[in-house]
Structure formats: C-alpha cells, structure tokens
Amino acid sequence: MNGERRRRPDYLLIFSIVALLGIGVVMVYSSSAVKGHLEFDDPYHYLKLQAVWAALGIGTMLAAMNFAYTRLHKWAKPILYLALVLLVLVKIPGVGKEVNGAVRWIGLGPLSLQPSEVIKLAMVIFLARILAGQPEKIKYFFRGLLPPLGLLGLVAVLIMLQPDLGTTLAIAGTTFMMLIAAGARWGHIAALASAGIGFVVAAIAAAPYRMNRILAYLNPWADPSGKGYQTIHALLALGSGGLLGLGFGQSRQKFLYLPESHTDFIFAIIGEELGILGASVIVLLFVIFAWRGYKTAMSAPDPFACLLAVGLTSMVVIQAGLNLGVVSGLLPVTGITLPFISYGGSSLLFTMAAVGVLLNISRFTLNK
Amino acid sequence: MSTSIVMRKRVALIFLVMGICFTVIIGRLVYVQVANGAALRKIADDYHFRGVPVSPKRGDLEDRNGNKLGISISSETVYAIPAEVRASGRQKEIAKQLAPLLGMDEQDVVKRLTRRSSLEFIKKRVDAKTAAQVRLLNLPGVWTTEESQRYYPYGPLAAHIIGFTGVDNQGLEGIELTRDEELRGTPGSILTEYTAGGISIPGGKNSYIPPKQGNTVLLTIDTNIQGFAERELDELMSGQGQNLNGQIPKSASIIAMNPKTGEILALASRPVFDPNNYQAYDASTRRNIAVQNGYEPGSTFKIITLSAALQEKKIKPSEGFFDPGSYTVLGKSVRCWKAGGHGSQTFLQVAENSCNPGFIEMGQRLGMDNFYKYLLGFGFGQKTGIEMSGEAKGILANKKRATALDLATMSIGQTNNVTPIQLITAVSAVANGGTLMKPQLVKEIVSPSGQVVTPFQAQPVRRVIDEETARQAREILESVVTNGTGRRAFLPGYRVAGKTGTAQKVVNGRYAEGDYVASFISFAPANDPQIVVLAVIDGVRDYGGVVASPVVKGVLLDSLKYMGVKPQDGAPLTPKPLYGLEVPAVKKPVTVPSVLGLSAVEAEKALKQAGLSVVLEGQGSMVIQTVPHADSVVEEGTTVFVQLGQEGDKPALAPAEEEEDPDLEVIKALNRQVPDVLGRLKD
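In order, the protein sequences belong to chains A and B. What the first sequence shows, in the numbering used here, is residues 1 to 368, in sequence order. What the second sequence shows, in the numbering used here, is residues 369 to 1051, in sequence order.
Hints were generated in silico from the structure; no laboratory data involved. Possibly wrong hints are sitting among the right ones.
As the list claims (entries may be wrong) - Within a straight-line C-alpha distance of at most 30 Å, the following computed DSSO-like cross-link-like pairs (lysine-lysine) qualify: (1) 139/A <-> 628/B; (2) 684/B <-> 580/B; (3) 767/B <-> 35/A; (4) 377/B <-> 74/A; (5) 497/B <-> 377/B; (6) 460/B <-> 35/A; (7) 377/B <-> 137/A; (8) 767/B <-> 806/B; (9) 436/B <-> 682/B; (10) 873/B <-> 806/B; (11) 377/B <-> 295/A; (12) 497/B <-> 77/A; (13) 684/B <-> 410/B.
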C-alpha cells in the first residue's frame, strides 16, 4: 500500500505461536494415546495426524506471512461470499457431516472443512475493510454500526443452526473488539453488550441442552455422573495436577474419564500432567501472543492493517479465554477448542493462516 | 495514512481487558489446582482406584497360659472382576475351565463372572493347591486372595465358651461373638487403578493398605483344668460314671472358678459339639446349660442358708438342736431324711448330717425378709453377668406370696430355681471371705504386637457376709466333707469343703419320680480356697453325693496337684470330725493291703497284721472285694468289710447304709405339687 520495505516479523509473536503449537502436538499425543489405542490399536494415531497438520500449519503460516497482505483488502468481499455459501451448504443434507449431534463439517473426500472456521477469517477481513474505509461513519449507529452488526446477526444465525455456540461467541466477541478499536461510541458499545447478553440468554433458553450446561456450571456436583460430568472431571484432572503435576504421560483422567480429553478439554490434561506450572506457561504464552498481537495492531502502518491485526489477535485470544474459562469451571461448557493446542486439522490450518497474516502485518510496523 | 491515536488507545485498552481476563483465569487455576488440589485428587483417586478387600487375620483365642484354643489358618478365595472378564469376551471359556476346578456348576460360575459389580466372589475357602491351579490358568479377570479360616486345635474342648465363626469369619457364638470386635481387626485392601471402562490401567499404580490384625483374647480358662472337667464329663456320658451302673445322664456340666477373682478356670457341658464342624451337630448341643439352664439346687443351697444364719447370728455352731425326725410348718410335717431323726446335735452336726429340720429351723429363725436379703445378696434371681449370651436369671418364689412352708423348702434348696453359674458364684463368695465376684471368662486382650490392651480386673459385686462368718461357714463345710455327707469328696491330705445336692425335676408340670439332678459343690483348701468346683448332672436315678462327688473329686484333686497346691500339714488323711467336738486321739494311718483272691483265712490274717479289724461277708472260697479298697489309707483299727465269693461273681455294691440323701427324703416326704411360680414363669 505504502510500498515500505518488509522487515523481520515479530519474533516474540512467532515464539509464542511455535511454543504453543509444539506443546500442543506433544500434549495431543499424551491425551489421545488411550483413545488411539482403544479405537485404532495405535496410541500414536492422533499424534501422527496432528504432526502432519502442524507441519501443514507451519507451511500455511509461512505462506500467509509472505504475500502482500494488502491484497486482502481487495479479496475481502469474495472471501466473505464464499464463506457464507459454505455456511449455507453445510445445512444441506448430504453435504454436511454430523458429529456428536451437530452438523459443522463439510466432507471433501478424506478431508473435512469447517465453514465456521472460514467465516471467522472472512468476517475479520471484511470488517477491517469496511471499518477502515470510512472511519467517521462508526460514530453513527445506523450508517456505521448497523451494517457490521447485520452481518454478525446473519452469520450468528447460520452458525447457531449447526449449532455452535462457542464459535458464535468467539465471532461476536471479535466483532465487538474490532468495533471498539475502530472507535465506536461507548454508549453504543454498552447498548450492544446488553443486547449481546440478551442474545446469549435467548440462545440458552432456546435449547434445553444449553440450560443443562448452565445448571451443571452453577453446581456441577449436583449431578456428577450426568450434567456435571465434564466439568467435574476437568476439575478433578486440574486438581490432581496440583503444583507440579503427575508428570508427562501420567494423567489418569485421560483413561476415558474425561471426554474430549485431546480436543476441548486438553487443557485439563495439561494441568493434570504438568501442574499449575505447566498450565500457567500456556496462559502466559497466550498473554505474550495477545501482547505482541495488539502491539502489532498499534504499530500497524494503516487503519486496515490495525483493525485486521486487532481482529486476528482477538479471535485467537477470545477463543483461548473461552476455552480456559470452560475447562477451569469459570464458564459453562460451550464446546470450543484451544487454539494451537487442541487436536483438529482444519481449525489449526485456519488459525495458522490467521497468525500468518498477523505476522505478515508485523513486518510492516512503524517505529521499529 | 496511519492509525489514529484513538484507535491505538482503544487497542491498548482491549489488551488491558484481555490481560485482566487471563489474570482471573490464573487465579482460578491457583484456586482449583493449589488450594483445592489435594481434595480434588482424593476424589479423583476414588474414581480411579478400586479396592479388593484384604481380610485381616482374626485374633487368636488362647487359654490363660497362652495355649491356642482358636487360631486362624489361611485359606484362599477366588474372585472375579466382571469388567475385565467382559473385556476379554471369554466368559464361557473361563467358566468352563474354572467350574470343574472349584467343583461348581458352570452356569453358576458364568452368572458370577458376568454379574454387574466391581468385584464378585466366586468361591471362598479354597485350598492352597486349587488356588495355585487357578492362578496357573492365568484367566483374565480371575484373581485369588488370601483369607483366614478359623480352626480350633482342641476340638470340642471348651466349645460352649469359645463358640464359633461363620463363613465370613464373623463371630456367631460364645466369646467369638461377644469379643468379635476385638478379634476381627480391620480389613485392608489392594487398590488398583481402573479406566472409566472398568479395565485395570496397564502399569497403573497399585497400593496395598495392610489389614489391621485382630487382637488376641486370652480366656480365664486353663486348658488343663478344663481338660480334667471334660474328661470327667466324657466318662459320665459314655456310661462309665461312678455309681451310675452304666446309666448315661441326659446332660451334665462342670464349672471351676477361682473364688478370689471370679475367673472361670473351666466350664464344660454335655452334650457338646465340635466348633470346627458345628453344622454337623444338632443346635441343641450348643446350649450352654451351665449358664442357660436353671435347676433346683437342693442341699447345695444349704451353704447359703447356713451363711445367712451365721451372719445374722441366729445360730452358733456349738449350739444344740434337737431333731425329732420331722419339722412341722403350717400343719405340714417335713421329715428328716434319717428315720427317727438325728436326735440331739449341735448346728455343726446339723450341717454335717445335712439335717433338714436343722436347716428349716435356720430359715425360720432368719425370717422371710432376712432370707430374701441373702437370697438376692448372693445373686440369685439375677444374671451374674458372665460373658455368655442367653444367660438365665433363674426363678425365685414370689416373696409377697411366699408362705412359711415355702420358706422351709427354700431353706433346704427346694422351690427356687438357680443356674449352675449362680450357685458357684454364690459359694465362691463364701469361699473368698464374703465378697460376691462377677464371674469372668476373658483374662486379657493382647494386641498383635504383644501389648496388653485390656488387662484383667477382678470385679467385686458386693460384700454379702463378713470375713468371720465366711471363715466359720468354710470350716463347717470342711467338716461336712471330713465327717459328714460329703465324705465321698474327701481328698487325703487336703482340707476340702463341700456340699452335695439332689433335685427333683419338673416334667410336664409335675415333679418326676426317679429322675434327679445330682450336684456337688466343693472347694479347697478350706482355709484358703484356690478353686471351687461344681458338677451338675441331670437325668440320673441316683443322688448327688453318690453320683456327683466322685466327678468333682476327680477334677479337684487333679487341679490342686496341677496348680501346685501342696497337701497340707495337719490335714486329715481320713475323714474325721474337726470342729469343736470330742476329737478322738489321732491313730496311725494304715494302708489297706490287697487281699483279693485270697482265702478268707489268709485275708483275715493279712488285714489283722496291718492293724485292721475284719468283718467277713457272703459265702465263697475267695475274696472278691474289700471296703475300703486296697491301697486306701485308713486309720489303724478301721473295720474292713471282706466280701467272699466264687470266681466270676460280681462284687456287690458298696453298702448304702450311709448314703441316704437328705434331699431325696424331703422330695419323697413332701410329695409336693409344683409351685405355681414355676408353672407360670418359663425360662
């Protein structure tokens, strides 16, 4: 855009990403060995897959680092349309794959794709573009705030149809952060926050399983073998870990006590095996990621890059915060993975693409 | 165009908010992992670990000297973890291999293997060899564990005291039941980690919580004294009882007690069972008749009447009493057992002769209130508190309705119903100087490490009579044995005190003829009693002195020797009067020579040479019996009855002239109706 010479990317940001990814691969192995052994007679089953995805993810990140991110300004609309089409497609019977009672996947031969991952990226790029385009409009509710909110509403409805509350919350949170960064009025923000809470309440009221999750959240011990099961076993895993943990590979809760031990609840296994020490390292790495991500935004060469960086950073950080909150029992179970760490191919690829773009922007920061 | 100041400020603010959120998460982790970590880990372990219980070794039962009366030997138990069996998918095959080895039905084994429980016992009390074979098969989900099984090395010895245990080593009867808690110990367990699917975690942790072994319970029983009692009872029950002519009594029991402490040294009853195999015996054999059955004590009870009368100073031993041959109360004449009565006697002689009118006189002088005071004071009509389940209280005539005639019969041991343990406890009070002691069966309790957990403590209940009264009563009772009706229990060289008794039994609400309870109670040495022995023999045609005293004598003599009680200087070698009477000059002791098989002339010559006078009886060429027997130690000049006969003749029974029984005479004389108190109260 301004033709400045590329500099070195933010190494601290790269360090946090690679460290999280590395710990993730190792912990996916530890937490999935039992499941792999039972399901595929191969304790390394999930490790092998995750290692491949991690390698692909690094490649994706490197690619995303090394093109002119300014092109995203142009591609913003087509990407959004593609993402919206995919979101609709997933609801068409025969196209979408059902996993655990939710239809979130589109199968492409041996691979599968989560349209919600695509829309996360697409939303951030598109919002960065429209918010950076006319910086003054943001002050006005109808002209400035309503279009992005309308888009968010549409996307939210489509994702909630899957249903996927966790991703909806992450996208909504990211959108809010971008609106705040773009300079929206605090009065508007407060009103929107109230509306958001109303939306969450409505979403919970609409589906009985969410109500159960809330009840389980408020008092998991009331029904330890039913509604409170996941929360309790996550807490038992964390508690067992104590200060220093049971040692790598020594988790007991992974022996089928804790469901989703290699995906949504992998952080509980980390806490169990590595103690609060290991768990804190993970949290610290996300804090470093947030610091360097928002720092990149603040030093970005133009408003589009700034808002893009805010969106990408927020997306990862909010998702991480939601996951850690759920696993540690601060939030009700929403069903959201921990970025970089949880097992899962396609979501990892999209996360790596996102942080690749973030690193890409970090190469053009000012005052460096 | 660069980013605005506002934008940068907003981004910084966002980072701040995110930072706060992560700080909250860290705080939550500290709360969960550090503050509550230990508690959560414990709950988690409860999920992960499943325990196989390890039975503690049941504590031993020992006699007072540490002889093992009840021990635990190990046996094996085969159990299954159904989840592991299911996981292997080989239920049928496992059952097929296991069933014949354990001697079980295959279907039954399958059922146990597949039951929905975390642990299922397949068979208990499996011998070591079979258990080893089971282990060798290496069947998935099938395990063995060691358990203990009770064994009683002495078999039926003291069976009623020891009791027995059930399949799970729980005490069911006797001390095994009353001290179950002490003996049982605390079970431990082997904890193994399991997956949520119920399969043990390979390489998972195993922790062993060792069981806490049970304590050893030492009984007050002495195996030797108990053995003497059991021996006498065995002779009785096999038809070899002295003077029973082959008759086998219905039941019998012997109790030996240390009068000073209340410790039961022996307590044996017949019929009996083997606790190793109690199921093979009729349940009635488990009845501890020495504690659970009441009977009319007869003349043995006169000890109580005598002690009461002495304590209340209603009589003096040297005081004269004239027995005209009967005693009339409320128009009913109670005859003395001796036809024509004993005539003029002292109260000492009343006791020696067991003279009924003399004892009735004592009762009448005491009066109803005093009599009941001592009746209750000596513990009758109440449980002694001995550590045996089902102890009977006995039945006393209702004081409010008792008449002078009732008082008369009660004074001589009729009408009231007492248990053997009550009687020996009461007589022990007389023997020990006047204090009623609680009879005890447990000496002490010792922990597996050898520490005495509960030491023995004698438990005095109350003082009933004072020392001086007790001393007088003992000397009179000694005289009964030396010179009176108790002389069949005379032990040369020991000062023995005692009293016989015979009671008629109530059958279908009436006193039965020719079916008696014969008893004898005795203690020695009379001046410092170490042991009191009571024998009660039920269902005999003969009376107490004849039937029960040899039994007590057998136990008493062997026990005194075993206990190291030396024959006393100055103790009589032959029965003779002691107390305050004309004492004949002491004559030389002579041993009766054996003259069996000799001709009358030769026998007479030998006996006269030994310094004995001779009375020949019967016709025949040879001596077939002498009374006293050969080797008896008698006074110089004693008359020896020599019975003559042909070879093969049976010796006649000993002359019964002096064996008349005071109780029997009363029974016959009164021809009583059963008092309604007995009819109403059931024991």
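Open item on the list: Output the indices of the hints that this structure fails to meet, ascending.
Closed with: 1, 2, 3, 5, 9, 12 and 13
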